[in-house]
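K.L.:
Produce the complete structure using the sequences and hints provided.
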Amino acid sequence: MKYHQIDSELFIKNRKNFVAKMKPQSLAVFNSNDVYPIGADSTIPFEQNRDLFYLSGVDQEESILVLFPDAPKKEHREILFLTETNEHIAVWEGEKLTKDKAFEVSGVKTVYWMKDFEKIFFEVMTQCETVYFNTNEHYRSSHKTETRDMRFIKWCKEKYPAHQVAKSNPILQRLRSVKDPIELALMQNACDITEKAFRRTLAFVKPGVWEYEIEAEYYHEMIRNRSRGFAYTPIIASGNNANVLHYIENNQQCKAGDLILLDTGAEYANYASDLTRTIPVSGKYSERQKQVYNAVNRVKKEATKMLVPGTIWAEYHKEVGKLMTSELLSLGLLDKADVQNENPDWPAYKKYFMHGTSHNIGLDTHDYGILTEPMQANQVYTVEPGIYLPEEGFGIRLEDDVVIQEKGEPFNLMRNIPIEPDEIEEIMNT
1 MKYHQIDSEL
11 FIKNRKNFVA
21 KMKPQSLAVF
31 NSNDVYPIGA
41 DSTIPFEQNR
51 DLFYLSGVDQ
61 EESILVLFPD
71 APKKEHREIL
81 FLTETNEHIA
91 VWEGEKLTKD
101 KAFEVSGVKT
111 VYWMKDFEKI
121 FFEVMTQCET
131 VYFNTNEHYR
141 SSHKTETRDM
151 RFIKWCKEKY
161 PAHQVAKSNP
171 ILQRLRSVKD
181 PIELALMQNA
191 CDITEKAFRR
201 TLAFVKPGVW
211 EYEIEAEYYH
221 EMIRNRSRGF
231 AYTPIIASGN
241 NANVLHYIEN
251 NQQCKAGDLI
261 LLDTGAEYAN
271 YASDLTRTIP
281 VSGKYSERQK
291 QVYNAVNRVK
301 KEATKMLVPG
311 TIWAEYHKEV
321 GKLMTSELLS
331 LGLLDKADVQ
341 NENPDWPAYK
351 KYFMHGTSHN
361 IGLDTHDYGI
371 LTEPMQANQV
381 YTVEPGIYLP
391 EEGFGIRLED
401 DVVIQEKGEP
411 FNLMRNIPIE
421 PDEIEEIMNT
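So the sequence shown is numbered by full-length UniProt numbering: it starts at 1 and just counts up by one.
Hints are computed from structural coordinates only; laboratory data are not their basis.
Please note that a few of the clues may not be correct.
Each pair of labels, with its calculated beta carbon distance range [to be verified]: (1) Thr233 with Asn416: 16 to 26 Å; (2) Ile120 with Trp210: 50 to 60 Å; (3) Thr98 with Lys255: 47 to 57 Å; (4) Ala216 with Glu129: 47 to 57 Å; (5) Lys115 with Lys350: 48 to 58 Å; (6) His138 with Gly310: 21 to 31 Å; (7) His355 with Leu329: 15 to 25 Å; (8) His246 with Glu137: 21 to 31 Å; (9) Ile182 with Arg288: 37 to 47 Å; (10) Lys318 with Glu129: 41 to 51 Å; (11) Glu406 with Pro24: 27 to 37 Å; (12) Pro309 with Lys13: 15 to 25 Å; (13) Gly408 with Lys159: 45 to 55 Å; (14) His355 with Ile427: 21 to 31 Å.
Please read these numbers as outputs of a predicted model, since none were measured by experiment.
Think of the CB as a built atom: it goes at the ideal place given N, C-alpha and C, for glycine as much as any other residue.
P.N.:
Here it is as structure tokens:
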């Protein structure tokens with residue numbers, strides 16, 4: 001891995017917090033992701049199952065974590081199963097985790113090779129009553145690919161039909177949403193890498209460059225700072241492309257006078273950052289562009305203040321809608337009749353700002369978090385209002401990642417990344 005090794009204390013704490021929520025006489029199983037094929041002998045670069053990583057720090061394929069806090073044998077209360085490494089694998093693929101290295105990374109003392117899984121698993125299953133299965137219940141999950149966890153669940157139910165089953169996901173939704181100080185430091189690092197890449201981009205952009213060239217500038221700076229690259233597919237959207245919310249083609253030339261919407265966050269050690277800035281191709285905003293930009297920035301600043309313990313996500317979005325409505329009235333994009341006659345299920349402001357303002361962020365860009373429960377300290381949220389004007393040929397979105405505090409306003413992990421239009425213009429014209 002490119003990143004510096006994470007203190008295993010994080011994963012030890014995470015497991016301790018998880019098992020504290022388990023039923024008596026139960027065990028939980030977590031599988032790594034598969035290596036997904038492309039065709040012939042090609043594969044997609046491996047990315048670890050975030051739940052397994054959160055609980056172990058193991059960042060390689062064909063790995064299983066079993067947690068059994070009430071195991072009669074003390075050594076079976078935490079078990080890692082890994083693919084046995086050898087000289088051939090080391091030569092062709094690079095070194096895999098040894099048992100000693102796995103302990104160093106994870107803090108799990110008992111490590112078996114994968115070939116012993118069924119034998120050991122049979123033993124511990126005869127000693128437990130309930131098995132926790134790991135499923136993906138994220139509110140935006142919609143994939144159709146059968147995961148390694150899904151295959152395991154089918155196998156386990158067939159082989160051990162008499163056991164009770166329980167869900168790991170609600171526990172992980174709550175635990176993963178509240179960040180440990182070690183996690184916050186990793187996320188700050190991801191944001192700092194994003195800052196370096198953004199500043200590099202400000203020095204590079206000028207009329208005539210192509211969106212994919214800007215993407216390459218970002219990628220270069222991320223990789224050279226120990227990131228794997230973007231935390232998500234980047235959006236480099238010049239001109240009217242900014243009005244396509246998930247524009248990812250990044251294949252158009254940037255024209256003088258246009259704006260570029262840059263939704264471009266780096267990952268670090270599997271932790272995501274999520275930044276959006278909107279900059280002028282020519283290095284200077286027009287009066288109209290700056291007018292709309294400042295309106296979006298005002299909504300962002302006021303929305304950020306609302307992210308405090310106890311806030312309910314749905315109510316927060318209603319309040320942000322009121323802020324945006326006020327700004328759109330001031331810009332002349334809405335009039336009082338539009339607001340008075342609006343559909344409560346699709347308020348008038350959504351003509352120009354049709355997406356949500358905030359989501360959890362962490363190991364996933366759209367991270368775990370139960371949105372019907374009150375916000376808590378040390379949860380990390382994005383704040384990302386926007387105004388989209390296809391008739392005028394531009395769209396503006398601004399986004400930072402902030403940490404909810406016990407008291408007062410959130411702490412902005414992106415506080416050092418230029419956002420005020422005057423500062424952006426100054427840097428681009430230096």
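K.L.:
Take the hints in turn and mark each one as holding or not.
P.N.:
Okay, the hints, checked on the actual structure:
1. Thr233 with Asn416: 16 to 26 Å: Since threonine 233 and asparagine 416 have Cβ atoms about 25 Å apart, the given range 16 to 26 Å holds.
2. Ile120 with Trp210: 50 to 60 Å: 55 Å, holds
3. Thr98 with Lys255: 47 to 57 Å: 55 Å, holds
4. Ala216 with Glu129: 47 to 57 Å: 55 Å, holds
5. Lys115 with Lys350: 48 to 58 Å: 56 Å, holds
6. His138 with Gly310: 21 to 31 Å: 23 Å Cβ-Cβ, so the 21 to 31 Å window holds.
7. His355 with Leu329: 15 to 25 Å: 20 Å, holds
8. His246 with Glu137: 21 to 31 Å: Since histidine 246 and glutamate 137 have Cβ atoms about 23 Å apart, the given range 21 to 31 Å holds.
9. Ile182 with Arg288: 37 to 47 Å: 45 Å, holds
10. Lys318 with Glu129: 41 to 51 Å: 45 Å, holds
11. Glu406 with Pro24: 27 to 37 Å: The hinted range 27 to 37 Å holds for glutamate 406 and proline 24, with Cβ atoms some 33 Å apart.
12. Pro309 with Lys13: 15 to 25 Å: 21 Å, holds
13. Gly408 with Lys159: 45 to 55 Å: 53 Å, holds
14. His355 with Ile427: 21 to 31 Å: Holds, since histidine 355 and isoleucine 427 (Cβ atoms, about 28 Å apart) stay within the stated range.
The structure meets every hint from the earlier list without exception.
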